[in-house]
Every structure is written in structure tokens, then in C-alpha cells.
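**Q** Single-letter residue listing:
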Amino acid sequence: MNDDQAFERATQAFLEDGSDRTPAATIDAVLLAVRTTPQERDLRIPWRTAPMSNLARLVTLAVLAVLVIAIAFSLRPTSGTVGGGGSPSPSSPSPAASSSAPALSPSAQPSPYSIDTKTWTTYTSARYGFSIGHPADWYVHTTATRDWTYPADATVDMYSTALETFVDTNNTIAASTWSVAVKSGTTLDAWIHAYCALAESPAPSDCTTMPGRTVAASMDGHAGSLVRFTQDTQAFFLVNDRIYVVAIWQAEEFIPGGVSRLLQAYLSTMHLLPGGPSPSGASPSPS
Amino acid sequence: MNRDLVERARSGDQAAFADLVHQVSDTLLGIARRILRDPGLAEDVLQNALVTIWRKLPHLREPDRFEAWAYRILVNACYAAAPHNRRWASTVRILPLDRQNDADEYQSLADRDELEQAFRRLPLDQRAVFVLHHHAGFPLVEVAEVLGIPGGTARSRLHYATRALRAAFEASRARDNLREGRLE
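For the protein sequence lines, the chains are C and R, in the order given. Quick note: the first sequence, position 153, residue 153 per our numbering, numbers continuous. Quick note, our numbering runs 1000 ahead of the 1-based positions in the second sequence.
None of these hints come from the bench; they were simulated from the model. Do not rely on the hints blindly, as some may be mistaken.
[To be verified] Where chain C lies over chain R, by a calculated footprint (3+ residues, C-beta under 8 Å):
| hint | stretch |
| --- | --- |
| 1 | 1005 to 1018 |
| 2 | 1053 to 1063 |
[What the hints assert, rightly or not] Cβ-to-Cβ under 10 Å is the rule here; a few derived chain C residues that face chain R:
| hint | residue |
| --- | --- |
| 3 | 23 |
| 4 | 29 |
| 5 | 147 |
| 6 | 151 |
| 7 | 232 |
| 8 | 250 |
| 9 | 252 |
For every residue, glycine included, the Cβ atom is placed at its ideal position computed from N, Cα and C.
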């Protein structure tokens, strides 16, 4: 028996160990609880099956238009909200965003989903030359032990040892940060597109729809782009021929208020160290 | 899974739900027990997950997807219940002494203990992928769907879990070879 077979056999034996029979008391307890536990109502609107008349269509469209305008009006962005992310601008970052100090003050104007970063713990990455906060009850899952390289590391995810990764206590949401040197003259948009085309996550389909998914973002006074991919949200910055990436590996709707709001809170705590990243032999990317 | 049973349970039929519970509880318990490595905690998690399944059943759009949907609720319940960074308490095993195959028996137990320790060191999300793939038999694409994660993430978690377990297994074998070498 070779090593692979021995390993497989040992793993199977390990997995098959023990009984899976549910104790009767457990089932009884569940069925007792069910008697007094109401089911949640399904509030989704069922699909229409009957055809609508033209007049009904017109009236419905008019009502919808009024509703959309009313909602848009009530949701107008106000200054001082988390990361200023409430005013999405299409595609490329505005240079004006970097002209002032980052106005990212998550707790400046409380909203139902405001994120207070005052209690966050600061983490410093000497390897990549930045400090960043994370919620005090999150833990450092991975400390980068090597430099992130392009293209090799573009295909891996949060468990890469080239990332600084924080994870919440329930192990359901993770935030990773990293940085990589790029060739002089590389633009942020070009780099993001090259990265997107190669990465496992975001998905390839996200790359074609990226303009509609991008809003301006700011980190330590530098303008960048925040992209809401299907499965995760990532922010990109180009500073002194280095790309800095902050990623949250969950889809936008995963938490109330949106993952991008949490990402904005992360960005508000991020600062580049004066000395820059520690010297390394990493080659510029993309080549 | 009987679609009619799921639909009746979804519309509030408690007897139908009781039948569903009897059909799926052993499988769900097996998954929870393997992810958590704690039979008592796994039973608690199963109980909570089944009540959550009952509560949320009206939201299930596709009755044919009941099992995958239930697995996701169970795994989330495992994540929520697992004590973070709990240290592994080693268990004492009594080794049989007058058996012909003492060496094999010892090796097998040693391998299993090494795997147990290595598995408990894995993050829960890696454990979940490993168990759903190797124990429940889901292809990785379906594991990703059940857990609501990208396929690449599922693949990566499985890779890291397997790598850690293999390293533990090889360490166990290396120690055994060393032991045998000394005895000869």
C-alpha cells in the first residue's frame, strides 16, 4: 500500500469513527419546540401569472417611477457617513478625492448601520508598510510570511500566506490586506482589470460588469476604487508604484448595511507607514 | 427527499416536519459531529439547526434543494456554536496488549490521534468543506453552493485542510518508523 492509499484509508477511518444515530431525546426536544415555534412568514411577492393590460402596465410603471424618485430623494447622501460611500460615482477614482485628508469618520454621523472604529485594534504590517484597524473581537488569522506576487497569488484567496487576514469570531467573514509593487506607469484601472481577469474570486463575469460595480474610495488621503464583486468587495489604491488591496471575502448583502460599508470603515483606519514596505525581491506586476 | 413532505412542512404541517426530521437528523448529526468533534455540542447544534429549519422553511423557494439548504443552516449553526480556539483535550485510549497485530493496531490508533489533533487545529470553515466533500460526498461545486462561497474558496479550503492532515499523517508515520528502527 503506498502513502496516498494509506492516507486515504486513515482519513476514511477517522471520518467514519463513531455513531451518527440521533438520540430520541434530541428529536423529542425538537418536535416539542416546533409545537410552540411559529414559522416565519414568507414576505416575497409571488410572480404574476395573469397577463397585464397595457393600461395596467402604464399605471404600474408610473407608480414605480414615482416610488423610485421618492426613495432616491430620501436616500440622498449626507456628508460624514461611513467612508463617504453613499455617493457612488461611476468607474474611475476622482483625483479630487485625494486632495484632502481622508474624511472617513464612521462614527461622525450615526446611522442605523454606522460602524464605530474607535474601539478597533490596530495591526501593523511591516512587510507591506501600512497599519490598519480591525474590530477588537476579530482575530488575526494569517500574518503574511511572504510577499504577494502577480500573477501567482492572484488565483488564491484569503488563506494565502501572502495576505494579512483578519476573521470574525464566528469564522464567517474575513478581511485581507496586501500590497504589491507595480511597474512605473501602470494605471490603477489597468491593474484591477488584469487582476480581475486572473483571480478565482472575483469571478470572470464580474470583470465585464466592473464599471457599474465601482465607486470611489479613499485611504490615508489617496484616491482609489472600491469594487463590489458578486462574492466579495475589494478596494484598490495605487501609491508610489505600489498597489494596496483591502478585500472583504463576502458578498455585499452578507451583513446589514452592506459589506462595502465595513470595508470603508477598514479603509478609514488604514495608514501607510512613512518608511514604506520592508525591502523585498518581489517583482513588479502585472508584467 | 420527498418533495411533497417538504412542501407540506413548509406550509406549517408539523407531522410532515416530524417525518422530515426523522429522515435527515442522522445525516445532519453526522456532519455536525465531524465538523465540531464534540458529540454533545453536535447534538445541541442539531437541535438548534432543526428548529431554525422549521422557522425558515417558508422561505425555501425550491423544495428539491431542501437538503443542501438544511446543510447550510447546520454548518452556520456549527460556526455559531463552536467555542473559539478551544484547546484540544487529549483522550486516553486503552491499547490491547495480547493481540497478534499489536503493531498495526498501534499504528492505526496513532494515525487517528494525529489526524484528530490536526483536524481540531483546522479553522471551522476548512473542516466544513472537508467533511461535506469527503464524508457527505458532495462535489466541490456543490460544497461551494451549500456554503455560499465561491468555488475557488471551497477548493482552497479543501487544499489547506488536506495539506494539514497529510502533514500530520506523515509525521505519525515518520515517528513510527523511528520507533521501529530503534527496536530492531
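**Q** Now tell me if each hint is right for this structure.
**A** Comparing the hints with the structure gives:
no.: 1; hint: 1005 to 1018; verdict: holds (count 4)
no.: 2; hint: 1053 to 1063; verdict: holds (count 6)
no.: 3; hint: 23; verdict: holds (7 Å)
no.: 4; hint: 29; verdict: holds (6 Å)
no.: 5; hint: 147; verdict: violated (19 Å)
no.: 6; hint: 151; verdict: violated (14 Å)
no.: 7; hint: 232; verdict: holds (8 Å)
no.: 8; hint: 250; verdict: holds (9 Å)
no.: 9; hint: 252; verdict: violated (13 Å)
Checked against the numbered hints given earlier, this structure breaks hints 5, 6 and 9; the rest are met.
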